[in-house]
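Visitor: Single-letter residue listing:
Protein chains: 2
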Amino acid sequence: MTTRQDLTLAYTPGIAEVCKLIQQDPDAVNTHTFCRNNLAVISNGTAVLGLGNIGTKAGYPVMEGKAMLFKRFANIDAVPIMVHATDIEEFVTTVEQIADSFGAINLEDIAAPACFEIEERLKKSLSIPIMHDDQHGTAVVVLAALTNALQLVPSHTKSSRVVIVGSGSAGIAIAKLLMVGGFTNIVLVDSKGIISSDRSDLNDFKQTLASQTNPEKLSGSLADAVKGASIFIGVSKAGLLTPEMVTSMAPDSIVVAMANPVPEIMPDLAHQAGAALVATGRSDFANQVNNALAFPGIFRGAIDTRSPITEKMKLAAVQAIVEYHAKDLSREMLLPSIMDEAVHKAVADKVREAARA
Amino acid sequence: MTTRQDLTLAYTPGIAEVCKLIQQDPDAVNTHTFCRNNLAVISNGTAVLGLGNIGTKAGYPVMEGKAMLFKRFANIDAVPIMVHATDIEEFVTTVEQIADSFGAINLEDIAAPACFEIEERLKKSLSIPIMHDDQHGTAVVVLAALTNALQLVPSHTKSSRVVIVGSGSAGIAIAKLLMVGGFTNIVLVDSKGIISSDRSDLNDFKQTLASQTNPEKLSGSLADAVKGASIFIGVSKAGLLTPEMVTSMAPDSIVVAMANPVPEIMPDLAHQAGAALVATGRSDFANQVNNALAFPGIFRGAIDTRSPITEKMKLAAVQAIVEYHAKDLSREMLLPSIMDEAVHKAVADKVREAARA
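For the record, the sequence lines run as chains E and X. 1 is the number of the first residue of the first sequence in the numbering used here; add one for each residue after it. 1 is the number of the first residue of the second sequence in the numbering used here; add one for each residue after it.
FYI, nobody ran anything at the bench for these hints, they're computed from the structure. Only a predicted model underlies this, so the values are computations on that prediction, with no experimental measurement involved. Take the hints with a grain of salt, since some may be wrong.
Copies of the same chain look alike in the list, so a pair counts if it works inside one copy or between any two.
Stated by the list, open to error - No farther apart than 20 Å at their CA atoms in a straight line, the calculated lysine to any residue pairs in the SDA-like style are these:
id, residue 1, residue 2
1, K206, A114
2, K176, S155
3, K123, A286
4, K124, Q23
5, K227, D204
6, K71, N37
7, K20, N203
8, K123, P261
9, K124, A114
10, K312, K345
11, K158, S197
12, K158, L21
13, K20, P261
14, K192, G168
15, K71, D190
16, K124, N53
17, K206, H84
18, K123, V262
19, K124, P113
20, K176, A342
21, K345, M1
Work the whole structure out from these sequences, hints included.
Guide: Here's what the structure looks like:
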């Protein structure tokens with residue numbers, strides 16, 4: 001905008017022509033403004049990183065960081081929107097009222113179980129791409145990691161027991177996507193122990209999962225769950241998995257300990273206790289499992305096709321990551337690097353394809 | 001963000017340190033994130049340009065254009081937020097719930113009289129700088145224009161009659177600021193005629209103004225108001241001011257016809273009918289009067305000092321524009337060019353000074 005003429009076009013009176021066009025054809029907002037590529041990272045700050053319910057101001061930096069990743073890896077213009085509402089009804093209403101401002105919504109760091117109903121309701125009422133990344137971004141990367149891990153340690157299969165510790169938004173979403181991906185023996189563990197149909201203290205979401213998981217009808221503690229298990233997935237707390245528990249697992253176990261910043265078990269301890277393959281959420285250890293590998297490409301693909309984000313698109317993202325990394329796969333490099341720009345492009349391409357199909 | 005180390009700082013785990021800092025000291029959100037310099041251009045699309053109530057999608061381009069001006073002239077990062085609510089209560093609640101996401105709020109294109117209560121309530125409940133630009137940005141530039149005009153045509157003074165046609169948000173705000181600026185004989189005209197105390201069809205805001213304006217107790221039509229008046233200010237509709245009306249004004253009248261895109265009278269007709277000085281809202285005629293001369297600098301100054309926007313800061317902006325333009329002032333160049341970057345800096349400087357004082 002350097003000349004008076006530029007100003008006349010970008011602002012009054014030129015802008016009135018664009019308004020009139022959109023008035024006649026609301027869809028033109030996607031082709032004649034930057035709205036479509038403008039994504040809101042929306043949170044109420046109730047479950048921020050490992051810090052918990054720290055609110056809308058203290059949660060802001062995470063949304064800001066996420067906005068930078070969107071721009072850096074998917075050229076999406078993102079803006080943090082902190083919503084000062086913990087009540088589901090209030091939160092949903094506020095987001096619905098501002099939704100015309102954006103081409104997509106990334107829900108972030110919202111506590112379970114509220115996050116499930118919030119995402120479900122917004123996906124129903126709004127037509128733009130919406131995804132709660134703590135659930136689905138994480139689940140996509142974990143499924144990609146396990147797909148690769150089974151190639152590296154072929155003594156385990158999709159019918160081997162997978163124990164997921166932590167039954168918040170990430171744990172539940174991981175369980176669901178692993179089932180979609182063909183895993184048949186999943187055991188969820190929360191702070192009270194193994195989630196099974198005979199427990200009377202479960203919320204609706206956990207109750208549903210209790211009936212779909214735990215085919216061996218296990219009950220008891222985390223130690224009971226991991227005994228003999230092939231795969232451990234942690235989205236819980238620092239130090240929860242002891243070396244003794246790892247030793248009690250099936251030989252050559254796979255340990256994905258994603259608690260942040262301190263994992264459920266440190267990699268060296270897990271290896272000493274018998275694990276064949278260890279991954280964490282951290283960038284300073286080998287095998288980082290982080291949703292930043294998935295969400296930029298998923299949203300890029302969804303925005304480009306203006307499609308709601310479906311299970312098929314998530315599986316396409318998994319496939320993209322796995323295929324992209326096939327020739328570089330090793331026990332020290334389970335997944336591609338987040339900094340590898342080409343993997344984000346590969347994810348976006350596959351997601352676009354799936355959306356169009 | 002080019003290395004893994006950058007990622008570690010900008011995102012997890014580094015970002016957790018910033019969250020913890022803000023948790024202890026909420027004010028740190030202003031120094032350790034980009035929140036402070038992030039401004040929302042918020043509208044419900046009920047009074048967009050001259051187009052009226054065109055809604056949240058069709059109104060989007062105006063907010064987008066405004067965001068560009070904020071960046072271009074004041075280095076403020078702005079984002080359009082369209083709120084799908086015409087009810088005052090709903091609108092205010094939604095804005096309050098997302099306010100922690102922003103360092104300032106520019107209210108835009110909200111119909112009168114709702115805009116008055118909305119701005120008043122938000123200024124009370126939120127501590128960040130907030131301004132409804134259609135009111136105050138316009139008023140600041142009009143007061144600067146008239147201050148300059150009286151220097152060029154000294155036969156008129158601040159006690160000469162000023163007729164303001166159009167009693168929406170802009171007209172009412174102009175009347176108020178002109179009074180603060182020392183003008184003593186203002187007559188407002190709406191679609192029904194002159195606003196006077198004997199009218200029974202006025203809303204609260206117009207009623208209050210009726211008692212503060214029109215000292216000559218005029219009544220009747222626009223033609224009655226302008227007869228013998230020194231200054232005409234139009235924020236109404238194309239062609240409302242006829243050449244005959246201009247001829248009926250005091251000799252060497254001042255005509256500021258800001259209806260967009262077609263003014264209340266075309267400059268050549270106004271001159272032929274006897275006007276000494278003519279200004280419009282258009283960039284393709286001499287003497288453009290446009291709020292883009294004021295709002296970038298006003299918000300820059302307010303954000304830098306984290307101050308609510310006060311009458312004194314608005315008057316400082318007027319003074320900045322007038323002083324900046326003193327040596328270039330002429331009947332063909334009543335105000336500085338919007339494209340002149342130095343004027344925005346001058347406004348910001350004076351506004352900062354006023355805020356600190």
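Visitor: All the hints need checking, so say for each whether the structure fits it.
Guide: Verification of the supplied hints:
1. K206 with A114: within (13 Å within a copy, 46 Å between copies)
2. K176 with S155: Cα proximity of K176 and S155: none, with 23 Å in one copy and 81 Å across.
3. K123 with A286: For K123 and A286, neither the intra-copy (36 Å) nor the inter-copy (51 Å) Cα distance is at most 20 Å.
4. K124 with Q23: neither (24 Å within a copy, 34 Å between copies)
5. K227 with D204: So K227 and D204 fail the 20 Å test inside a copy (27 Å) and across (75 Å) alike.
6. K71 with N37: Both, since 10 Å and 18 Å are each at most 20 Å.
7. K20 with N203: neither (49 Å within a copy, 30 Å between copies)
8. K123 with P261: Classified as neither: same-chain Cα gap 31 Å, cross-chain 40 Å, threshold 20 Å.
9. K124 with A114: within (16 Å within a copy, 31 Å between copies)
10. K312 with K345: For K312 and K345, the Cα distance is within 20 Å only inside one copy (18 Å; across copies 52 Å).
11. K158 with S197: Neither, since 22 Å and 83 Å both go past 20 Å.
12. K158 with L21: neither (53 Å within a copy, 43 Å between copies)
13. K20 with P261: Result: close only across copies, 13 Å inter versus 51 Å intra.
14. K192 with G168: For K192 and G168, only the intra-copy Cα distance (13 Å) is at most 20 Å; the inter-copy one is 62 Å.
15. K71 with D190: Close neither inside one copy (35 Å) nor across copies (48 Å); limit 20 Å.
16. K124 with N53: neither (27 Å within a copy, 27 Å between copies)
17. K206 with H84: Neither: 27 Å inside a chain and 35 Å across chains, both beyond 20 Å.
18. K123 with V262: For K123 and V262, the Cα distance exceeds 20 Å both inside one copy (34 Å) and across copies (43 Å).
19. K124 with P113: within (18 Å within a copy, 34 Å between copies)
20. K176 with A342: neither (28 Å within a copy, 58 Å between copies)
21. K345 with M1: between (31 Å within a copy, 17 Å between copies)
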